[in-house]
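Peer 1: So you can see what is in the structure, the chains are spelled out below.
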Amino acid sequence: MSATNISLRLLGNDTGARVFLAAIIALTVLVPILNVAVPPDSPFHVPTYAVSLFGKYLCFALLALSVDLIWGFCGILSLGHGAFFAIGGYAIGMYMMREIGPRGVYGHPELPDFMVFLNWTELPWFWLGFDMFWFAAAMVVVAPGLLAFVFGWLAFRSRVSGVYFSIISQAMTYALMLAFFRNDMGFGGNNGLTDFKDILGFNLQANATRITLFVFSGVALIGAFALCRFIVASKMGRVLIAIRDAEARARFVGYRTDMYKLFVFSVSAVLAGIAGALYVPQVGIINPGEFSPLKSIEIVVWVALGGRGTLYGAVLGAISVNALKSYFTALAPEIWLFLLGGLFVLVTVALPRGLVGLRGQLARRRANSGALKPKLAERDPAS
Amino acid sequence: MIDPSETPSGKLVPGKSILVLDNVSVSFDGFKALNALSFVVMSGEMRAVIGPNGAGKTTMMDVITGKTRPDQGKVIFRDYHDLTRLDEPRIANLGIGRKFQKPTVFEALTVLDNLWMALKANRRIRAMFTFTLSSANRARIEEVLEVTGLTALRDDLAGGLSHGQKQWLEIGMLLVQDPDLLLVDEPVAGMTDAETEATATLLRTIAKSHSVVVVEHDMEFVRALDVPVTVLHEGSVLADGSLDTVQRNEAVIEVYLGR
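Each protein sequence line maps, in turn, to chains A and B. Going by numbering that gives the first Met the number 0, the first residue of the first sequence is number 0, and it counts up by one from there. Going by numbering that gives the first Met the number 0, the first residue of the second sequence is number 0, and it counts up by one from there.
No wet-lab data here; the hints were simulated from the structure. Take these hints with a grain of salt, some might be off.
What the hints assert, rightly or not - Pair ranges (Cβ atoms, derived):
hint, chain 1, residue 1, chain 2, residue 2, range
1, A, 347, B, 161, 38 to 46 Å
2, A, 149, B, 70, 27 to 35 Å
3, B, 21, A, 357, 56 to 64 Å
4, B, 145, A, 358, 15 to 23 Å
5, A, 247, B, 193, 46 to 54 Å
We put the beta carbon where it would ideally sit given N, CA and C, even for glycine.
I would like the entire structure built from these sequences, with the hints used as guidance.
Peer 2: Okay, structure coming up:
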């Protein structure tokens with residue numbers, strides 16, 4: 000009954016989490032090996048484009064993880080989490096724009112191409128400092144974290160919760176999307192930031208850079224998973240669940256639920272920002288489309304599909320939906336959204352606990368049918 | 000945020016009031032739920048509050064615990080804190096515990112976790128990551144599990160408990176929270192006679208070391224508690240005294256039996 004025992008109960012007996020961790024570690028180690036050490040003509044060779052594709056999935060997985068932390072454990076359904084992802088992406092994108100330097104199309108020594116195109120003569124103040132990687136890296140954490148803190152402070156203090164919170168979080172990302180679409184905002188407008196050349200001096204097209212980014216994505220996912228497990232296995236995790244299920248009661252027991260929600264929401268936003276920052280160098284572009292409400296809803300669908308409140312379910316959902324998406328958008332792009340919608344309906348109706356709940360559901364069904372049989376057998380002689 | 004360790008706890012000061020409601024009024028859309036209610040709970044006292052439906056019993060609890068802000072009046076706790084200026088967690092951390100009419104426990108957590116959550120401890124976020132049970136607290140939880148008859152169910156999810164067990168778990172949560180003043184709203188609703196009797200005994204034991212306000216409909220239960228009674232009607236005090244006295248009171252009879 001000691002504290003360690005209680006956290007063990009959450010962590011130690013969870014085979015799902017163990018299998019998941021082993022799989023992600025194996026993926027992070029194997030993919031680079033299969034890319035570098037296996038000759039290209041071998042069927043086991045992983046081409047470089049696939050390395051980046053997997054890296055992208057890992058970033059989405061991290062994003063899904065951040066949503067599950069607040070939705071699955073604290074009941075905060077954010078329909079604007081894409082905003083934090085995008086802001087993290089923009090922060091690293093700004094660094095990579097500055098690193099292009101005079102190699103841009105217009106050859107301006109300092110201004111990114113789109114600013115020259117807009118006839119700007121000097122760098123806006125909010126672009127200052129982004130020529131330094133450490134500053135951009137700090138912004139990846141600070142900017143989404145701060146936005147979440149301010150937004151959450153206003154919302155949670157005023158006790159905005161449930162569907163109302165979901166709606167205003169969606170309004171937030173929508174407003175940011177409209178703002179970032181404007182050229183005057185100074186973030187490249189409609190086109191966003193692209194044509195990146197290198198990061199910390201390493202060519203973004205180079206194999207080694209791509210593999211490194213992939214490995215960093217894997218490491219970030221594993222680290223974030225460990226952090227989330229730590230949070231939910233501590234006493235904090237119990238409080239979050241208590242807030243999810245009976246917030247008023249938690250207040251009467253003496254917990255300042257608004258502060259707890261603010262804490263976990265900010266942590267989640269930072270994780271989403273990190274995911275965005277790892278995503279953008281691997282796909283080579285960030286534009287206001289990432290702020291679109293649809294993207295944020297998609298994240299929620301990943302989590303729901305995988306199964307919320309388990310952490311690894313979110314990761315499984317993100318990877319499997321995106322793998323399907325890559326496959327189907329290549330095969331028949333016009334049916335993808337219907338398929339996604341259909342999947343969501345199917346899961347909601349048939350798998351309320353998502354893919355990770357499937358095993359338990361099947362086991363229960365088997366147990367139930369097993370229990371029914373003797374009853375029928377008993378009845379038979381009497382009838 | 001108030002650190003519970005900073006506030007004195009469980010100290011009964013005989014002859015002093017622990018809670019004073021002074022001229023408190025609350026109205027909802029013109030309906031006066033509390034009408035200039037004044038009411039004193041002495042330190043160490045157990046008091047039963049009765050009254051017909053709509054008399055303002057639950058609203059009174061809501062005002063004391065910070066859920067509802069009164070339109071006028073003051074609620075003074077331990078001669079010092081004006082509760083009308085504080086929110087629910089602050090009031091809880093000052094040492095006021097509440098048990099709801101409908102048992103509300105954290106259903107997705109185990110019985111043990113529910114007690115663990117309610118246990119008197121630092122409620123700051125930072126403290127959540129370093130929390131460990133001291134042996135004294137562990138013994139306390141064991142004791143409460145025993146008292147509430149939930150020892151065998153400690154690892155069961157609270158959502159799976161029966162109605163009566165949930166009521167007892169909620170009382171157990173109050174016990175480990177160890178507030179100076181307990182507000183108990185209809186603790187025996189939906190309980191069997193045996194459970195009701197056991198609850199009365201338990202509350203009497205608790206009242207030895209705490210101040211308690213019990214809101215109850217069940218007259219048998221109030222009689223079993225054997226404590227002073229306050230009758231509320233239309234948001235103010237109609238009568239108080241022993242149960243026998245108030246039951247003989249003309250005004251009380253009229254309110255309960257109709258004109």
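Peer 1: Compare the structure with each hint and give your call.
Peer 2: Status of each hint after checking the structure:
| no. | hint | in the structure |
| --- | --- | --- |
| 1 | 347/A with 161/B: 38 to 46 Å | violated, 31 Å |
| 2 | 149/A with 70/B: 27 to 35 Å | holds, 33 Å |
| 3 | 21/B with 357/A: 56 to 64 Å | holds, 60 Å |
| 4 | 145/B with 358/A: 15 to 23 Å | violated, 37 Å |
| 5 | 247/A with 193/B: 46 to 54 Å | violated, 31 Å |
Hint violations for this structure: numbers 1, 4 and 5, all remaining hints satisfied.
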